Amino acid sequence: MIKKQFTFFDIFLTLLAGIFFTFILLVFLMLFTAVSAGQLLHQLSSPLVFASIRISLQTSLIVVCLTFIFGFPVAYLLSLKTFKGKEFLDSLIDLPIVLPPLVSGLALLILFGGDGIIGKILGHWDIRIIFSQKGIICAQLFVSAPFFIKTVKESISAIPEEVIAASATLGASSFYTFRCLILPLSKNGILAGLAMTWTRAMGEFGATSMVAGCIPGQTETMTIGIYMNAMSGNLEAAVAVGIILIGFSFISLFILKIKFSRSYGYHY
Amino acid sequence: MGIIIKNIYKSFAKQAVLDNLSLTVKKGEFHVILGPSGEGKSTLLGVMAGLIQPDQGDVYIQQQRVNKLAPEKRKIGFVFQNHALFPHLTVYENTAYGLRARGVNGKKIKKIVAHYLELVKLQELHDRYPFQLSGGQKQRTAIARALAFEPDALLMDEPLSHLDVLEHERIRDELKRIQTATQVTICYVTHDHSEAAALADKISILHNGRIEQVEQPEDIFYHPKTSFVAEFVGANNIFTANLIDVNEGISRFRLNSSESIAKLEIEAKTYPVFTRNTEQKLCLHPEKIAISHTPNGKNSFLARIIDIIPQGAVFKVTGEISGLKLRAVVPKTSFKINSHTEKIWFTFPPDALHPLCGRSCRAAIPQRVCKNINFE
Ligand SMILES: Nc1ncnc2c1ncn2[C@@H]1O[C@H](COP(=O)(O)OP(=O)(O)OP(=O)(O)O)[C@@H](O)[C@H]1O
Ligand SMILES: [Mg+2]
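Protein chains in written order, with numbering that gives the first Met the number 0: chain P, 0 to 267; chain G, 0 to 375.
Don't take every hint at face value.
To be verified - Under the rule of at most 27 Å between Cα atoms (straight-line distance), these lysine-lysine pairs were calculated in the BS3-like manner:
# : chain 1 : residue 1 : chain 2 : residue 2
1 : G       : 262       : G       : 280
2 : P       : 80        : G       : 280
3 : P       : 80        : G       : 324
4 : G       : 324       : G       : 280
5 : G       : 262       : P       : 80
What the hints assert, rightly or not - The following label-pair restraints were derived from C-beta to C-beta distances:
#  : chain 1 : residue 1 : chain 2 : residue 2 : range
6  : G       : 102       : P       : 182       : 16 to 24 Å
7  : P       : 89        : G       : 105       : 40 to 48 Å
8  : G       : 312       : P       : 76        : 45 to 53 Å
9  : P       : 86        : G       : 68        : 56 to 64 Å
10 : P       : 86        : G       : 133       : 37 to 45 Å
Derived from the structure by calculation, the hints contain no laboratory data. Please read these numbers as outputs of a predicted model, since none were measured by experiment. We put the beta carbon where it would ideally sit given N, CA and C, even for glycine.
Hey, can you work out the whole structure from these sequences and the hints?
Below, the structure is given as structure tokens:
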């Protein structure tokens, strides 16, 4: 190893990086100084704020479960099988990541609305997606599941072909290979993907507000609550909810960093 | 268990890799497939194991056509070029994998795994993970893993290529011992002919997508049938000569002028093929040339020494006889050389020479032509 000495170039880079970090840090710091601890607690005890936290947690956890159930097969097939139209499906899955959530919300609104294909069918059984928590779940699922799929796909693809072939030559059925090889080897990717999906679902605003509206106590998630409170001048409530949201996200990302970002060195 | 490959074709991106390849691996045989890098050795093993679907042709295992049979149903063990151990499992668990996948009961697994770990001398390291092993230990784990489910045949893809010389030799000898002990059919791929010589009951030379020669090591090394095989195994004195005179026992040849300015005349043991061709490619194994300070009977020529390379217990001597370059390999003990030696006599008996197939075995009928050369 070469001796680690700071060159002028390094100092230059450090300076630029420092400016950026300061910017990020300042943003959060300002948020935290905007309310006192007393006000924070007071806001948290308000039933509407509490309800929004409950709704957010409830919907986002359901989204995480659904993402796993439906997203894992997608990731598995996309990374291990070859078939016609794979590239097309692969790009399609990634699309919600880059699409403005408002557009996603609009599309979901059309699909699930009273005149939409699915909306009409569900209407027969009196199931309403729009302006309900089901709508929140749909919107969050659409926007955040691709993060899980992408991460899991990468971790499965990282398993060398020969390792999977080895399992087959040892007489393992595809299910045994899945259970004893692919699942454990992609465990970190799965957990990381779930954490990312959860964080994204908690923070989702655009699509959710489009589909579910902003009915306090019913479809008002934390992010929607923040927006509503800020717009109506109740900055303290907005900030309080914001801080809690940041807390959740940061803890989730931090655990992800230190626990699940390790991967297997296959080329040992 | 025997494996038979019949007329296999396989291309990647329109590039033919296996081109009408046929091969028979007999039960209990240690069969080595020898060939240069990138010639399709791994592809061939993949086809046998069912990991690669051939474009055409058939694979038979124990007389049964298995083209459509999934790899997990073939009972063929595979040792991969880069081990392909399961990184999240210990040596023990890696070895037990095939048994567990088959639902063998726990007690039995313990016994079998212990047996195979002992066979490869890994008992002590049973609870290590692959990343905690040396290259040789990983290799032995891979071998134990492939053997433990007691496959009918074992395919090995250059399993010793990443090891240092000592480890290489040790595991090679161990492998031979294991094969002798278990009598498992092994099809072993390598590009290293000394490895092939040490292991094989039978060697197949893979070239240009086909098997160019199949024989016991002795015959491959001392009686290569084509120029390619001769060059590849180091029987690298090859020259074209014109027949002057054919007799019952001995025939006389004159070397082409392109080979030697002096148009040397040599005597060779007569082969039936000599009566059909007047121009003939002849091969002379370097080990069959003797070196002396005085001429020594038939086929004795004074050579100017080009270089002398000591190698193990032998000298590799390259000499030139009026334009013809000959390589000889002689035991160090048989011969005193000093730096002043400039010229020396090269002698080879008439039966040291044998004919090579004129064309390369790629052409339309060559395989049959090669077989027609009667070496007896
Ligand atoms: N999946 C693939 N896609 C495209 N080309 C391939 C593929 N697998 C192998 N090839 C090509 O086929 C040829 C034979 O490959 P193969 O791995 O069988 O050679 P090999 O004899 O095992 O070589 P080595 O001794 O280097 O391992 C090579 O030219 C390689 O580039
Ligand atoms: Mg190979």
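Verification of the hints:
no., hint, result
1, G/262 <-> G/280, "holds (15 Å)"
2, P/80 <-> G/280, "violated (51 Å)"
3, P/80 <-> G/324, "violated (56 Å)"
4, G/324 <-> G/280, "holds (15 Å)"
5, G/262 <-> P/80, "violated (64 Å)"
6, G/102 <-> P/182: 16 to 24 Å, "holds (19 Å)"
7, P/89 <-> G/105: 40 to 48 Å, "holds (42 Å)"
8, G/312 <-> P/76: 45 to 53 Å, "violated (59 Å)"
9, P/86 <-> G/68: 56 to 64 Å, "violated (31 Å)"
10, P/86 <-> G/133: 37 to 45 Å, "holds (41 Å)"
In this structure, the hints that do not hold are numbers 2, 3, 5, 8, 9, in rising order.
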